[in-house]
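Asker: With chain X's structure known, arrange chain C on it following the hints.
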Amino acid sequence: MSFTLHNRARTWFGIQDQRGFARTMDPATKESTPRFLMFDAFYSCLLLGLDGERHGRAEDLETDEFAKVYPEAYRGQAELIAGLLVDAELRRQEIEPEDRESIEAEMVRLLDLKSSTRLSAEGDRLLNLYAAVGFEKLDAALPAPDNLEDFLVAYHRLWGSNG
Amino acid sequence: MQVLIRGWSARNLRGGLRSLEIDLGEQPNRWTLIQMANGMGKTTTMTLLRQIFTNEPLPPAQVLELRGGSEVEGNFEVRLLIDGKPYRLGFEFDFRDGSVHRYTVRAGTRDGGKVPGRVLPSELGDLLTPELARLFVFDGELARTIRDMKQQTADNAIRALYRLGQITGLKTSVDKLVDLEQRRAAAMTSAIEERGMTRLRNARDDATKVKRRLEKEVRSTRTLLDERRAERNRLEAAVEERLSEDEGLRERLEDLNRRELLLKVETNALGGEALALLRQPPQVHPRLRERLQFLGGRLFELKLPETISSEFFRDLASKDVCVCGRPLGHAEKDHITNHSHRYLAQDQISVINQMKLALRESQDEVGEFDAKIGQLGEKLVERQSLKSARDRLELESVSDGDDDMERLRRQLAEAKTEIERLESQHERLTTRDTHRQRTLRLNWESNLPMCEAEVKERDDRLTVASNTRSFKLKAETLKDLITDFERRALGRLRERVRVRTNEKLHQIARTERLEVTRIAGGLEISSPDTAAKAGVSEGQSLSVAYAFLTSLLSEAPYRLPFVVDSPAVSLDNVNRREVGRLIPSFFDQMIMFVISSEREGFADTFYDKGDDVRFLTVIRENGVVRLDDRLKVFKTFQDREAA
Numbered sequence: 001m002s003f004t005l006h007n008r009a010r011t012w013f014g015i016q017d018q019r020g021f022a023r024t025m026d027p028a029t030k031e032s033t034p035r036f037l038m039f040d041a042f043y044s045c046l047l048l049g050l051d052g053e054r055h056g057r058a059e060d061l062e063t064d065e066f067a068k069v070y071p072e073a074y075r076g077q078a079e080l081i082a083g084l085l086v087d088a089e090l091r092r093q094e095i096e097p098e099d100r101e102s103i104e105a106e107m108v109r110l111l112d113l114k115s116s117t118r119l120s121a122e123g124d125r126l127l128n129l130y131a132a133v134g135f136e137k138l139d140a141a142l143p144a145p146d147n148l149e150d151f152l153v154a155y156h157r158l159w160g161s162n163g
Numbered sequence: 164m165q166v167l168i169r170g171w172s173a174r175n176l177r178g179g180l181r182s183l184e185i186d187l188g189e190q191p192n193r194w195t196l197i198q199m200a201n202g203m204g205k206t207t208t209m210t211l212l213r214q215i216f217t218n219e220p221l222p223p224a225q226v227l228e229l230r231g232g233s234e235v236e237g238n239f240e241v242r243l244l245i246d247g248k249p250y251r252l253g254f255e256f257d258f259r260d261g262s263v264h265r266y267t268v269r270a271g272t273r274d275g276g277k278v279p280g281r282v283l284p285s286e287l288g289d290l291l292t293p294e295l296a297r298l299f300v301f302d303g304e305l306a307r308t309i310r311d312m313k314q315q316t317a318d319n320a321i322r323a324l325y326r327l328g329q330i331t332g333l334k335t336s337v338d339k340l341v342d343l344e345q346r347r348a349a350a351m352t353s354a355i356e357e358r359g360m361t362r363l364r365n366a367r368d369d370a371t372k373v374k375r376r377l378e379k380e381v382r383s384t385r386t387l388l389d390e391r392r393a394e395r396n397r398l399e400a401a402v403e404e405r406l407s408e409d410e411g412l413r414e415r416l417e418d419l420n421r422r423e424l425l426l427k428v429e430t431n432a433l434g435g436e437a438l439a440l441l442r443q444p445p446q447v448h449p450r451l452r453e454r455l456q457f458l459g460g461r462l463f464e465l466k467l468p469e470t471i472s473s474e475f476f477r478d479l480a481s482k483d484v485c486v487c488g489r490p491l492g493h494a495e496k497d498h499i500t501n502h503s504h505r506y507l508a509q510d511q512i513s514v515i516n517q518m519k520l521a522l523r524e525s526q527d528e529v530g531e532f533d534a535k536i537g538q539l540g541e542k543l544v545e546r547q548s549l550k551s552a553r554d555r556l557e558l559e560s561v562s563d564g565d566d567d568m569e570r571l572r573r574q575l576a577e578a579k580t581e582i583e584r585l586e587s588q589h590e591r592l593t594t595r596d597t598h599r600q601r602t603l604r605l606n607w608e609s610n611l612p613m614c615e616a617e618v619k620e621r622d623d624r625l626t627v628a629s630n631t632r633s634f635k636l637k638a639e640t641l642k643d644l645i646t647d648f649e650r651r652a653l654g655r656l657r658e659r660v661r662v663r664t665n666e667k668l669h670q671i672a673r674t675e676r677l678e679v680t681r682i683a684g685g686l687e688i689s690s691p692d693t694a695a696k697a698g699v700s701e702g703q704s705l706s707v708a709y710a711f712l713t714s715l716l717s718e719a720p721y722r723l724p725f726v727v728d729s730p731a732v733s734l735d736n737v738n739r740r741e742v743g744r745l746i747p748s749f750f751d752q753m754i755m756f757v758i759s760s761e762r763e764g765f766a767d768t769f770y771d772k773g774d775d776v777r778f779l780t781v782i783r784e785n786g787v788v789r790l791d792d793r794l795k796v797f798k799t800f801q802d803r804e805a806a
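Keeping their order, the protein sequence lines are chains X and C. Each residue of the first sequence is one higher than the one before, counting from 1 in the numbering used here. Each residue of the second sequence is one higher than the one before, counting from 164 in the numbering used here.
Simulated coverage check for chain C against chain X, where a stretch passes if three residues somewhere in it have a Cβ under 8 Å from a Cβ of chain X:
#, segment
1, 443-457
2, 538-546
Residues from chain X shown here face chain C by an in silico Cβ test under 8 Å; the list is partial:
#, residue
3, Pro34
4, Ala73
5, Tyr74
6, Pro97
7, Leu148
8, Leu152
9, Val153
10, His156
Listed below are the simulated DMTMM-like cross-link pairs for lysine to aspartate or glutamate, each with C-alpha atoms no more than 25 Å apart in a straight line:
#, chain 1, residue 1, chain 2, residue 2
11, C, Lys379, C, Glu583
12, C, Lys277, C, Asp186
13, X, Lys30, C, Asp389
14, C, Lys427, X, Asp17
15, C, Lys542, C, Glu414
16, X, Lys137, X, Asp64
17, X, Lys30, C, Asp596
18, X, Lys30, C, Glu541
19, C, Lys334, C, Glu286
20, C, Lys519, C, Glu531
21, C, Lys579, X, Asp26
22, X, Lys114, X, Glu72
23, C, Lys637, C, Glu344
24, C, Lys550, X, Asp150
25, X, Lys30, C, Glu581
26, X, Lys30, C, Glu394
27, X, Lys30, C, Glu403
28, C, Lys542, X, Asp150
29, C, Lys619, C, Asp369
30, C, Lys579, X, Asp17
31, C, Lys466, X, Asp87
32, C, Lys466, X, Glu94
33, C, Lys550, C, Glu403
34, C, Lys248, C, Glu189
35, C, Lys550, X, Asp146
Simulated from the structure, these hints should not be mistaken for lab results. C-beta atoms are modelled at their ideal positions from N, C-alpha and C, and glycine is treated no differently.
One chain only, chain X, in its complex shape (with noise of 0.2 Å):
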């Protein structure tokens, strides 16, 4: 598995050292701030993508891969997180709620129990493309906030006025 980034999503959740929010953030009092990591920013688009029905362009994304597995932060999430894969694929390709043969072949597709993502290479390829259409959404709705505070109401906000 390889996660990427949306090209402009850097600068936006204003990343530095690994770390989101750290390009505004006070040196006398970053170490009591809560740590908002890369992965944080990638799922906050995944999820705002996996909640629509269509899948960002992959020349969007940066050219290398930020991390390979889940942070320690995610454990557990792997399975939720297929499972919204599987359930934005199957909205995506209008695929019916009763029609067994297209749902079990979309987990076919998509599932891989020996990646740590629980997902196969074109989930994991898939996953990316959701979290970059994702990320214009964020950048479209919010202007970048610059810090964790504003962004986290900012975001819950968002999902509140997305019905």
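Answerer: Showing chain C alone in chain X's frame:
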């Protein structure tokens, strides 16, 4: 390694080769004397034997000249015994276009025998060059050229037989290694010579200078930043102090500080808790939770995952009978295998089950994210309110006519602006984030980590070029050593062959003693007590050539047959007897084409050698060629020229 000739055949070739079969037996005699008249195809046979052993191409003009009649195809084949194993090498000629097809027939091989081309054991295949073939299928011309010091005939013979070419080949291998190293280095630099090295050294030094400048800039920016931050802190403290001088404001200020501190702690705690909840997808929004629950429900209703996995079907396809008891044929097995991939594999089933379990476990804790964000939102409102309160406090002081406060606030604002500028400058100088570097359009002359990478790359180029140059110089030294080794090896082999040649010459050339004084390209010959000998008769040349070749061939690591045409025709009777007595003992097999005039003094020395010798006479009578192996026929045969 030993090579013996068991015979040859010719078909539809000119001269006496329209249909000729020379059979020397399964185990050939040590000596074979073949007597045939001139014009019966001796020269053609010798030429074809020489060519069939090598990979030398046959030009169409030569092929067309071989044509013996109206037939459009012809053939020449030689049968060999190589280390006891039978081989056949052949030419198939097409006289319509002058083309030739080579073939090899090997017994007991997987390819069933006949294969195109010359296919010999590799060691022998490499050895049999046209130069060597001229030695053992003896070319009379060689007897003349072997004495020409300007030609390399003698040296080439030694080189070919003792495979000195392999030592020369080592130099080619060294060149290839150097080339490989240079190509590898070329990926980083093209400079290998001293001038290029200077250029690379200067480039590295230039980058190092830039690095020093940037390091200095980083230091000064940090110092300025520290100073400005200290100034900001001092100004903030001064503002507070100024405010606290007013008793009414002081109390409000202290309250404000206390609340800000507490708010910061609470905000951090809530932010951390909310972030932890954000990392659980079902917490983020009810829609996500509902989707996961719906998916879990669908899987349950559709009975997915199946308890039967794709592995089950793949196992089933390997059985002869289905679980229902019906037999499984190839068609059924193929169908099951081809459709098994449509079913989830065991590990995929496991993922879905884990997913369903995770869903169940997460359902009890929903709504916490909403609650935390609600609390966090309140804190943000409070933060804004405290900030406004502080601004108001400061403005109240200013409006009360406090000029110092106004100055302090202005200075504080300037300090903050300057700090922002310096932080930005510091980031430009020090960021290692490659994406940030691109966004800010930085390069190695403006960013220290990029400059450090550039210095390292330039230093690496210099090191590689320097190593490559050193590698090349070492390779040249090695090649010189190889050349020296080759020269010494050739020198020692020349001397060894020269001594052996002279031993034989003393026995052969009894009428006038000859001696090889030097081998250097050719053979330098002298008579004892005289200087280098200029005039040498044809017979003497032949004696020298035989003595040289037998010395060479009989002591070489390869035992090759010796085929010779008219071996004694130019020798006087005394030398003939010595040649006949001495030379044949040096070879495992010797095939001699003789004419009737060579019987006396040469062929007759073989008459009493019993079973080791075979006498063949090729006779043409009334246009038909036949072979006679009786000694009495051999002794009495008179060819037209001799008669």
